[in-house]
Structures are given as C-alpha cells and as structure tokens.
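What follows is each chain in one-letter form.
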Amino acid sequence: MENGAHDPLVPKIEVKNFSAFYGKTQALHNVDFTIFERKITAMIGPSGCGKSTFLRSLNRMNDFYQGFRVEGSATLDGEEIYSPTVNPVLIRQRVGMVFQKPNPFQKSIFENVAYGLRIQGVKSRSVLADIVEKSLKAAALWDEVKDRLNGSAFSLSGGQQQRLCIARALAVEPEVILLDEPASALDPISTARIEELMQDLKDRYTIAIVTHNMQQAARVSDRTAFFLDGTLVEVNDTTKIFTNPEDSRTEDYITGRFG
Amino acid sequence: MAENILPEKGLSSYRKVRNALLGSLTAVAFILAVTPLLAIVYIAYDRGKAALSLSFITTLPGGFPIGIEGGIANGIVGSLILILLASLLSVPVGIWAGLYLWDQSHTRMAKITRLLSDLLLGVPSVIWGVVGFFVFSTNTGFGFHWGFSGLAAGLTLGFIMIPIVTRVTEQALRDVPRSYIEGALALGASRFQVVRGLAIPAAITGIGTGILLGVLNVLGQTAPLIFTNYYNTGIPTSLVGSNGSVGDLAMQIFIYIHEPSKALHVKAMAAALVLTVIVLLLDMGIRLLAWGSRKYAQRMG
Numbered sequence: 001m002e003n004g005a006h007d008p009l010v011p012k013i014e015v016k017n018f019s020a021f022y023g024k025t026q027a028l029h030n031v032d033f034t035i036f037e038r039k040i041t042a043m044i045g046p047s048g049c050g051k052s053t054f055l056r057s058l059n060r061m062n063d064f065y066q067g068f069r070v071e072g073s074a075t076l077d078g079e080e081i082y083s084p085t086v087n088p089v090l091i092r093q094r095v096g097m098v099f100q101k102p103n104p105f106q107k108s109i110f111e112n113v114a115y116g117l118r119i120q121g122v123k124s125r126s127v128l129a130d131i132v133e134k135s136l137k138a139a140a141l142w143d144e145v146k147d148r149l150n151g152s153a154f155s156l157s158g159g160q161q162q163r164l165c166i167a168r169a170l171a172v173e174p175e176v177i178l179l180d181e182p183a184s185a186l187d188p189i190s191t192a193r194i195e196e197l198m199q200d201l202k203d204r205y206t207i208a209i210v211t212h213n214m215q216q217a218a219r220v221s222d223r224t225a226f227f228l229d230g231t232l233v234e235v236n237d238t239t240k241i242f243t244n245p246e247d248s249r250t251e252d253y254i255t256g257r258f259g
Numbered sequence: 001m002a003e004n005i006l007p008e009k010g011l012s013s014y015r016k017v018r019n020a021l022l023g024s025l026t027a028v029a030f031i032l033a034v035t036p037l038l039a040i041v042y043i044a045y046d047r048g049k050a051a052l053s054l055s056f057i058t059t060l061p062g063g064f065p066i067g068i069e070g071g072i073a074n075g076i077v078g079s080l081i082l083i084l085l086a087s088l089l090s091v092p093v094g095i096w097a098g099l100y101l102w103d104q105s106h107t108r109m110a111k112i113t114r115l116l117s118d119l120l121l122g123v124p125s126v127i128w129g130v131v132g133f134f135v136f137s138t139n140t141g142f143g144f145h146w147g148f149s150g151l152a153a154g155l156t157l158g159f160i161m162i163p164i165v166t167r168v169t170e171q172a173l174r175d176v177p178r179s180y181i182e183g184a185l186a187l188g189a190s191r192f193q194v195v196r197g198l199a200i201p202a203a204i205t206g207i208g209t210g211i212l213l214g215v216l217n218v219l220g221q222t223a224p225l226i227f228t229n230y231y232n233t234g235i236p237t238s239l240v241g242s243n244g245s246v247g248d249l250a251m252q253i254f255i256y257i258h259e260p261s262k263a264l265h266v267k268a269m270a271a272a273l274v275l276t277v278i279v280l281l282l283d284m285g286i287r288l289l290a291w292g293s294r295k296y297a298q299r300m301g
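Sequence lines, in order, name chains A and B.
If you're matching positions, the first sequence starts at 1 in the numbering used here and goes up one per residue.
If you're matching positions, the second sequence starts at 1 in the numbering used here and goes up one per residue.
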C-alpha cells in the first residue's frame, strides 16, 4: 500500500478524463490522476510526452497560448480549476510554479521575493522583511544573501537564482508548488541542494515536479507518474514504479530502452 | 592552456586576410555613418558661428527682411510647443497601441492594425500635411476650422508620430523574455500588474527610443507645417485661430536659406547648429527618463 499507514493520503488535485489541446493538436489524452497533499509527485517521460503541458495546466499557465483548451475535469480541493467562475490569478496564487531556467526579475534580491506580496497589496516594510526572511530561509538561501538583499538578483549563481525563484514562490504561501524541471539547468551540487530543499518543503507543501532525470524522480518523489505520447501510462508509489512497474512501456523507459 | 590549442603561427593567412577585409568594411561603414553628422556640425558651425550668441537664442527676429536682426527664440519655443503637442497625442496612443499589438499579437484584429500602422509609416509627410489642412486648418466645409495654428500642426505631427511609437513599443515589449512574464504570472500577478510592473519597465529603454525617434522625426518636419501652421516670427498667445501659428526651427531655416541675404544664411546655419544641440539634449533627456523609471520600477512592485 501507500507508504506509512499513519499518514493518510488526502487528494489535493484530482484530474479526471483530462485532455488538452494546442489548436488542433491534442497534447494530453484522457488523463486520470490524483496529486496527494504533502507528497512529492514526480512526472517522467520522454520529451514531448505531455508532462510539462500537464503540469502547466494545473495552474492555468497554458491559458496564454493561442488556441489552448482543455476537456474533462481538474479540481483543486474539489474546486474546478477551469470553471468559468474561477479567477485564474487566484489559482496561481494557490498553485505556485518554478521554471526550468531560473527567471529572477531585474530587481534586488529582496524585491524579487517581495514581488508576489507587493502585487497583493502588502506595503508594510516590516511585514515584507519578515516574509522575505522566512521565505529565503525556507529556500535555504538566507545565509548566502542576508548581507546583500539589496544587490541585484543577477549577481547570484544559477543555483542560487533557482532557490531565489523557489523563495519567491514560497513567499505568497501557495498550497501546491509545481516544479518544471527545476534542476535541469543546474550543476550537480546545486541540484542536490534543490533536492534537499524539496524534502524540507514537503512537510508543508504539496509538490509536483516534472523531470527528465529518472534518478532524480526516484530520489525525491513519493509517487511517480509516467507519461508517453500524451497519455498517462502509469502512476504509483515511486518504489513500485522503479522496481516493479505494471506496464511494460514503463519498464522499457526506466531501464533505458528508449527515451 | 590556450597556447596549445592555437597553431604556433597564430591565424592562417586566409583568416588573416578575411579578418582584415571584414574589419576594414566595418570601419568604412562606421566612417560613412558618422561623417554626415561631422559634416553637419562642421558646416553649420563654420558658416553660422558669426551669428551665435546668447541673444541669438533668447530674442525674436526683427528688422527687414524680417530676421536680419534678433534671434530665433520664436523657432525654439515653437518647435518645443509642437513636440509637446505631438507627444501628448502620440505617446499615450502609441504605447497603448503597441501594448495591444504585443498582447493580442496573434489575433486577426491585431494583424490588421499592425498592417495599417506600417502603411502609415510610409505615407509621405506632405500628404499628412494636406490631410491635416483639410481636417484641422481649412475654414470651409468639413473639419475643425482651427486655421494655420500650432494645435493643427502639433496634432498632425502627433499623428505622424503614433505609428513610430507603436512599432517600436511593440518591438521593445517583444524583446522582454517570455520567462520573465511567466514568472510573474505564476506568482498570481494579473496581466495588468505584469504589464505595468515588469513588461513596461523592462521595455522602457526601447519605448524611450521609440518616443525619441518620433520626436526627432517631428522636429525635422517641414512639409506638414507648410499646410497646417506655416510660420510665425513671434510667440503666439493662442494655439488656434488666425493668430495661432507658432515658429518652428526647421521652417525658419528653410525660409532664411531662401532669402537673398547673406546675413540670413548665416543665421540659418546657426539655427541648424541650435537644432542639432536640441536633438542632443532631447536624446540625453529621454535616456535619463528611461533610466530613472527603470530604476524606480526595480525598487517598486
């Protein structure tokens, strides 16, 4: 069964019969999938398999692509993410995202982390300073930047920039954090730091990560989903997926026969 | 080490020749690009220096033929009024249109708008002038009936400026990395917050360049002024009606250089130098503004 009977699985995001299209191209075919609260869910699969599309669908980041549309149901705490009455801005406040390439703003380190709060109208310098410090500590970056909070975010290394982006996402206190290949542009040491960080964060947040790196999925995640050609082939406990997959295509992929 | 990678004798002779050839082409292109400026400054200074003095830029023309005494204060004030009027119209409209083309870039409406805007860029300024005359200046039939006036000319020049500002604004916004925009959207920023707080600040230097290009274009126009404003040797108290014409440096140079008077030719060249200095000051001013607003945006949300 699922790991730890004392730790009941609570569904956070439930996706049913979910399809996604870019214009006439169908990128996802009838995906059924549940992301559980305070677990790390990894999505693996070869390039173009739809895993990133799926991830970006969960906080409506695909809305900005011309001709993108979805069918089926995706709910966050039971609420339809794609309901016409839902404000996508509020969804994105609850479901944060960190991208493949670090994308800090052309602002100071402090203002990068404070940005999400400022746009929500927080003005008090002391409140901002508090949350910035908390977020940077949570992203394991505080000790490295505490003496230069007013320095440019671009003065940081790539790994530090990515942790800054994580801190920036944490500052708005999301419930879910989506990580889109967060370590693929980083060196192994920075990658290890991000992976450690994910373990710290999962006590408080629900995390979904897309990764090209199967070892990474095996190291960090509680559950793993394998996507192929826009379909969800298999989703299960990570140990199960990597030791005894049910689908032969999953086995072929994780053993390196393709992809 | 690098020494081990490079061949002992450095570049091969083929690459040396190619390097020298392309290097000199670059140098020639550079010289050709800056020579006109040097020529303008040299000739204007050489032929105009006799008329240069502080009173040249602070006094109005007088004497007969008019301008033989006094300076070009009418032209300086008039040109600045025209720039201001043209910018008041074109900067908000042009930036807004550029934002629209950027945000809706794939829609049919935006494609049509972009095409029409580009068509306008190619309309000769004399046609703008004639249309400006019929819309703003003529005293009969359809139109505003403002006469030859600063307002008629300022708005005509403003309409000339709109497609320039639009085009450059759109391009500057396109150059803002998509990842940057997505980062803000993923934090729950609304589209308006992203545009105001990130996209425009990131594009502000480019937008400033667009405004500058438009302003400089306006500053050099004479054809539209012939039909909508002509010229004034004084400074008007009103910008509409029969006494509403303003002076204009480009028109002033054009008129002076046509007069059979050596003294006016000297003044025309001095005025050309003043115009060049105004261009330089505007350039630096707009750069400073863009720099300042970027700094401001970096501190604020």
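No lab work stands behind these hints: they were computed from the structure.
Careful, some of the hints might be misleading.
[To be verified] Cross-link-like lysine-lysine pairs, in silico, DSS-like; alpha carbons within 25 Å at most: (1) Lys111(B) x Lys24(A); (2) Lys123(A) x Lys146(A); (3) Lys146(A) x Lys295(B); (4) Lys101(A) x Lys24(A); (5) Lys202(A) x Lys137(A); (6) Lys202(A) x Lys134(A); (7) Lys111(B) x Lys123(A).
[Claimed, not checked] Quick partial rundown of chain B residues pointing at chain A, CB under 8 Å, derived from the structure: (8) Thr35; (9) Leu185; (10) Phe192; (11) Thr276.
Backbone N, C-alpha and C fix where the C-beta goes; we use that ideal spot for every residue, glycine too.
Quick rundown of the hints versus the structure:
no.	hint	verdict
1	Lys111(B) x Lys24(A)	21 Å, holds
2	Lys123(A) x Lys146(A)	21 Å, holds
3	Lys146(A) x Lys295(B)	22 Å, holds
4	Lys101(A) x Lys24(A)	28 Å, violated
5	Lys202(A) x Lys137(A)	15 Å, holds
6	Lys202(A) x Lys134(A)	16 Å, holds
7	Lys111(B) x Lys123(A)	40 Å, violated
8	Thr35	37 Å, violated
9	Leu185	6 Å, holds
10	Phe192	10 Å, violated
11	Thr276	34 Å, violated
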